[in-house]
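Start from the sequences, fold in the hints, and give me the full structure.
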Amino acid sequence: MKLLFTFDNFRLIYVGIATFMWAVSLILSAEYMRHYERKGRYFFFTLLTYAATIGVLVSADFYTLFIFFEIMSLASYVWVAFDERKESLRAAGTYLAVSVIGGLVMLMGIFLLYDVMTRLGVTDAPLSFERLNYLYEATKLAGHESESRKVWAAGLCMLFGFGAKAGAFPLHIWLPKAHPVAPAPASALLSGMLTKTGILGILMLTRYVFAPAGFSDVNWAVLILILGVCTMAIGAVLALFSVDLKKTLACSSVSQIGFIMTGIGVGGMSIYELGTSGAFLHMVGHSLFKLTLFLSAGDIYMNLHKLDLNSLRGYGRNKPLLKLIFLSGALGIGGVPLFNGYISKTLIHEGIVLLKEYTEYLIRIGAPVVLSVRATEVIEWIFLISGGCTVAYMLKLFICIFVEKNPDPALQALYDERKPYMNRFTATALAISALIPPILGTTAVYSMNGMVNAVAPALKINTDAEYILHNYFTLECLKGGLISILIGVVLYVGIIRTCMMSEDKTEYLDIWPKWMDLENVVYRPIILYALPFVFAVICRFMDKLVDIILFKLRRTVFKDSKEFEELPEGNRLTFTLGTYASKIDDIRRKLYKLKGRKLGRKKDYVHRFAMEYEGFKESRTLIFRSMSFGLMMFCLGLVVTVAYILITRWW
Amino acid sequence: MTCLLKSVEQIMNIMNMLPLKFHMDPLGAIFALLTLVIFLCSGVFATDYMKEKEHKRSFFIFFILSGFIEIMLCAASNLVTFYMCYELLTVLTVPLVIHDRTKEAKMSALKYLFFSMFGAYGALFGIYNLAKYSDTLDFIQGGSVPASVFASDQKIILIAAMALIMGFGVKAGMWPLHAWLPSAHPIAPAPASAALSACIVKAGVLGIIRSLWYVLGADKLKGTAVQTAFMTLALLTVFMGSMLAYRESVLKKRLAYSTVSQVSYILFGLAISMGQTGVNSAEGAISYPNDALVGAILHVLAHGFIKAALFLVAGAIIHHLKITKVEDMRGIGMRMPFTMCCYTVVSLGLIGIPPTGGFISKWYLATGALASDIPVFSWLGPVILLVSALLTAGYLLTPAVWAFFPGAEYRSSGKDLSRSEVGPLMTVPIATLTLLSVLIGIFPDQTVALIRQIFTYL
Chain F
1 MKLLFTFDNF RLIYVGIATF MWAVSLILSA EYMRHYERKG RYFFFTLLTY
51 AATIGVLVSA DFYTLFIFFE IMSLASYVWV AFDERKESLR AAGTYLAVSV
101 IGGLVMLMGI FLLYDVMTRL GVTDAPLSFE RLNYLYEATK LAGHESESRK
151 VWAAGLCMLF GFGAKAGAFP LHIWLPKAHP VAPAPASALL SGMLTKTGIL
201 GILMLTRYVF APAGFSDVNW AVLILILGVC TMAIGAVLAL FSVDLKKTLA
251 CSSVSQIGFI MTGIGVGGMS IYELGTSGAF LHMVGHSLFK LTLFLSAGDI
301 YMNLHKLDLN SLRGYGRNKP LLKLIFLSGA LGIGGVPLFN GYISKTLIHE
351 GIVLLKEYTE YLIRIGAPVV LSVRATEVIE WIFLISGGCT VAYMLKLFIC
401 IFVEKNPDPA LQALYDERKP YMNRFTATAL AISALIPPIL GTTAVYSMNG
451 MVNAVAPALK INTDAEYILH NYFTLECLKG GLISILIGVV LYVGIIRTCM
501 MSEDKTEYLD IWPKWMDLEN VVYRPIILYA LPFVFAVICR FMDKLVDIIL
551 FKLRRTVFKD SKEFEELPEG NRLTFTLGTY ASKIDDIRRK LYKLKGRKLG
601 RKKDYVHRFA MEYEGFKESR TLIFRSMSFG LMMFCLGLVV TVAYILITRW
651 W
Chain G
1 MTCLLKSVEQ IMNIMNMLPL KFHMDPLGAI FALLTLVIFL CSGVFATDYM
51 KEKEHKRSFF IFFILSGFIE IMLCAASNLV TFYMCYELLT VLTVPLVIHD
101 RTKEAKMSAL KYLFFSMFGA YGALFGIYNL AKYSDTLDFI QGGSVPASVF
151 ASDQKIILIA AMALIMGFGV KAGMWPLHAW LPSAHPIAPA PASAALSACI
201 VKAGVLGIIR SLWYVLGADK LKGTAVQTAF MTLALLTVFM GSMLAYRESV
251 LKKRLAYSTV SQVSYILFGL AISMGQTGVN SAEGAISYPN DALVGAILHV
301 LAHGFIKAAL FLVAGAIIHH LKITKVEDMR GIGMRMPFTM CCYTVVSLGL
351 IGIPPTGGFI SKWYLATGAL ASDIPVFSWL GPVILLVSAL LTAGYLLTPA
401 VWAFFPGAEY RSSGKDLSRS EVGPLMTVPI ATLTLLSVLI GIFPDQTVAL
451 IRQIFTYL
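Just so you know, the protein sequences line up as chains F and G, in that order.
For reference, each letter of the first sequence is one residue, going 1 to 651 in our numbering.
For reference, each letter of the second sequence is one residue, going 1 to 458 in our numbering.
None of these hints come from the bench; they were simulated from the model.
Just so we're clear, the structure is a prediction, and the values are computed from it rather than from any experiment.
Certain hints may be false.
[Unchecked claim] With a Cα cut of at most 25 angstroms, we get these calculated BS3-like pairs of lysine-lysine: (1) G:Lys415 to F:Lys39; (2) G:Lys415 to F:Lys544; (3) F:Lys86 to G:Lys415; (4) G:Lys325 to F:Lys544; (5) F:Lys544 to G:Lys103; (6) G:Lys111 to F:Lys552; (7) F:Lys86 to G:Lys325; (8) G:Lys322 to F:Lys544; (9) G:Lys103 to F:Lys552; (10) F:Lys552 to G:Lys325; (11) G:Lys21 to F:Lys544; (12) G:Lys253 to G:Lys322.
Here you go:
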């Protein structure tokens with residue numbers, strides 16, 4: 001197998017974004033890492049991860065992609081474990097486990113795909129995306145039942161691997177754990193770029209392997225859509241409940257990945273490709289927002305070494321630049337008009353609306369549908385509410401850090417001091433990254449549509465059907481965005497301000513029950529304890545099988561050794577008792593020594609008891625053999641006989 | 001005088017009937033090369049490791065002798081010669097196991113001897129039966145037992161094949177006769193364990209290949225119960241070895257169980273590729289060997305280099321820091337950074353993370369298994385290989401993680417974390433083996449082409 005690379009517009013854009021992100025985070029890292037030890041390994045593995053990520057992005061087949069994907073996963077482990085605190089190591093363990101398991105399951109998928117391709121006679125670059133195009137449809141139409149089943153299984157396996165990296169439900173567990181403990185610049189890259197490589201894989205699967213040709217099997221797209229909707233909703237709820245700055249951002253990443261997957265699913269289901277273009281734009285947008293947001297969080301952490309919202313409260317009141325940078329990211333991710341997040345979310349939303357119409361049309365002409373009209377409506381509402389949640393938790397973060405005052409006036413005074421909180425380079429880099437969302441958002445018709453046009457061939461976006469909008473500010477489009485914002489404000493006022501804060505509004509409460517954690521309740525007990533235990537018992541038995549047989553044979557065939565070694569004196573009882581007595585005596589002597597009392601000579605109780613036993617044995621033989629013992633037994637016998645006679649007589 | 005000459009003549013006669021023949025063919029060369037590299041590396045390592053140990057002389061004598069015999073075994077060109085070398089190898093490696101002269105060492109050595117002899121007699125039974133049907137016991141590609149015999153006396157030949165597999169399988173640590181391996185390998189001094197675990201077990205693999213592919217003809221076993229049994233045993237061993245390694249806390253024992261599991265990767269590759277041909281549309285008529293066979297031979301090399309490196313690392317740790325348990329390996333990445341870097345790289349290789357040798361061999365094993373037309377096993381095999389890879393990650397990566405990330409509390413607890421690397425006599429062999437294990441992963445094409453050539457016959 002040879003490595004294959006490709007470089008089209010899609011790769012160009014993503015390599016550009018990756019390079020930009022790494023550059024900006026390295027600039028912050030230089031400042032952020034000033035006081036850390038062992039930063040050499042941080043920088044080394046950051047660069048290694050960069051190289052591997054570029055490899056993933058420009059790969060032209062799944063084989064190459066997998067190789068770089070694994071290197072990337074393992075190299076990025078160092079980020080999470082970097083500061084070696086207990087929770088970091090635990091989170092890093094989770095991350096490693098998810099990466100390794102995901103990687104191996106993905107490998108199984110690749111094996112299956114390779115097998116299908118070789119069976120179909122493709123031996124030259126069998127795993128390249130171009131050759132895999134329409135594979136599922138093709139095997140199905142050609143009547144290769146077993147092959148198409150294999151493709152489907154391969155797809156599931158690979159989805160598992162890519163989903164684990166992207167943070168899709170139910171494998172999102174590593175994100176909320178790993179992001180808060182990693183150094184902030186690394187979190188930005190983990191969240192902004194590494195999750196996107198997972199999405200890249202899912203895109204390649206959906207757009208190439210499972211690309212639908214006309215009216216055909218859309219089960220795959222439905223699966224992606226459902227997973228996406230679950231991820232979107234769960235991430236949003238988790239983020240709403242979190243009171244930790246970076247954890248909120250991490251959960252938000254989960255949710256946004258859900259948006260992207262929803263877009264991919266919607267795009268795969270109907271002939272209209274709005275969802276796919278929306279997903280692509282949201283991918284780009286999310287990379288940028290998370291860069292800005294995580295780096296702002298990093299800047300805060302660098303100065304305060306705290307991430308808890310209650311202690312951060314009011315920190316940013318007097319820092320206009322940081323406020324603006326954070327605001328740009330927050331408005332972008334919240335989908336507020338004039339920012340690029342609005343454009344991508346609008347596209348996905350319009351995609352869902354068109355899917356509904358398309359489904360109605362299919363029902364009208366009597367074609368089979370997988371999702372009913374009602375289901376698409378439900379999906380639309382979950383989409384809008386999740387968008388609302390995004391607005392709500394971003395409001396929560398922004399108001400907490402940049403608007404409210406800290407309940408502790410002394411601390412607030414400290415926060416309000418005009419002190420430099422980042423150096424010039426960091427400020428410039430952050431400001432540049434914060435400028436991109438509004439620029440893209442305002443020039444959407446040229447810039448973002450242009451991007452979609454550029455990537456259309458790589459993502460197989462059908463440009464004949466509707467795939468972009470030419471005006472993003474029609475009433476129709478604004479309606480969706482505004483409903484989301486309205487829901488967000490309602491959620492913020494109605495839930496966060498009332499239920500998630502203490503009575504006097506001085507504290508944000510963590511009301512999410514501690515035990516409700518998928519990882520601790522399900523994954524860890526099963527993977528770490530239950531399965532190993534069961535299999536270890538079985539394997540232990542297998543391991544000892546021959547030994548047991550040999551042992552039994554030896555015991556039955558020739559008994560060459562006694563079960564116990566022979567004792568020099570006494571019997572086993574006196575030996576045991578004597579040993580214990582000696583031990584007790586030892587303890588007693590130690591105690592006496594402590595008290596300073598006088599000690600007699602040490603006694604060997606094993607010997608003493610053995611002697612006692614000897615004496616007992618001797619006297620027993622003497623007694624047993626003596627005349628008087630015989631007489632005594634005779635008398636006893638007589639007594640018993642007489643008693644018996646008397647008793648039988650009287651009754 | 002005449003009497004003496006008579007007896008010499010008689011002996012020569014016997015030797016004529018059972019000629020000793022040596023010829024180094026490419027397959028033997030692959031195994032011999034592996035042996036040479038590993039014995040050289042372990043030997044250099046041993047010069048430092050054994051410096052202050054007792055019985056140095058006996059160790060080196062038997063170490064060199066067993067390396068020599070193993071190379072002779074690779075060069076043997078008929079089954080009789082092979083068998084003699086095989087038995088000699090067993091006998092010569094026992095002193096390596098018994099080296100410490102402790103009771104445990106003696107018992108392990110006896111166990112090793114017992115199991116190996118038992119296995120060898122099993123194999124001998126198979127050899128007798130094959131000799132009955134074949135004119136010659138010379139190694140001929142494709143086997144010398146005629147197919148007509150197979151049709152008439154199928155049962156006996158199947159029994160003989162099973163005896164050969166089980167017999168040579170003992171040395172390769174195949175369940176259920178693997179029990180000697182986890183007790184004998186760790187008890188030997190580290191360089192000897194490296195040699196035992198990395199090459200001596202491969203003598204069993206070579207035995208199976210030689211007797212089945214070169215005498216019996218492996219194609220004949222396609223679809224028989226023997227093949228099913230062989231695959232089942234190999235897969236069971238793969239899983240059991242990994243699971244027990246995962247639960248083991250003494251590093252060297254963990255590595256020994258890992259050997260049990262990994263060598264059965266090879267055996268599974270052999271088992272599933274019997275009578276299967278690979279697909280090669282480009283050249284049309286030429287039937288390539290199945291990829292699983294290629295993967296098996298590649299894994300012989302990859303596992304050899306990796307396991308030798310792992311045992312040498314374990315030896316360096318034991319020698320230098322007196323650490324034997326995995327739990328005590330916390331923070332040793334700071335103390336012996338170079339050694340532990342090598343450990344991590346080869347561990348990744350054994351798990352099968354690209355771009356190391358282990359990944360390539362696993363790729364060929366799994367794709368070959370899937371390409372075969374055997375129901376259930378064709379997908380169950382890869383699944384078990386991957387589950388085992390996951391367990392491998394569990395048992396090899398945790399020490400690596402502990403070594404480099406001991407935790408903030410551990411760092412502040414005042415434990416000695418200063419750098420104290422072992423000398424070049426230890427690091428150079430480890431580094432060489434690590435480099436080789438990565439190189440065969442990055443440039444596998446030549447090796448793959450060679451292996452394909454070996455097993456391609458028209």
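Taking the hints in turn, this is what the structure says about them:
no. : hint                 : in the structure
1   : G:Lys415 to F:Lys39  : 21 angstroms, holds
2   : G:Lys415 to F:Lys544 : 39 angstroms, violated
3   : F:Lys86 to G:Lys415  : 17 angstroms, holds
4   : G:Lys325 to F:Lys544 : 22 angstroms, holds
5   : F:Lys544 to G:Lys103 : 20 angstroms, holds
6   : G:Lys111 to F:Lys552 : 16 angstroms, holds
7   : F:Lys86 to G:Lys325  : 22 angstroms, holds
8   : G:Lys322 to F:Lys544 : 29 angstroms, violated
9   : G:Lys103 to F:Lys552 : 22 angstroms, holds
10  : F:Lys552 to G:Lys325 : 32 angstroms, violated
11  : G:Lys21 to F:Lys544  : 40 angstroms, violated
12  : G:Lys253 to G:Lys322 : 16 angstroms, holds
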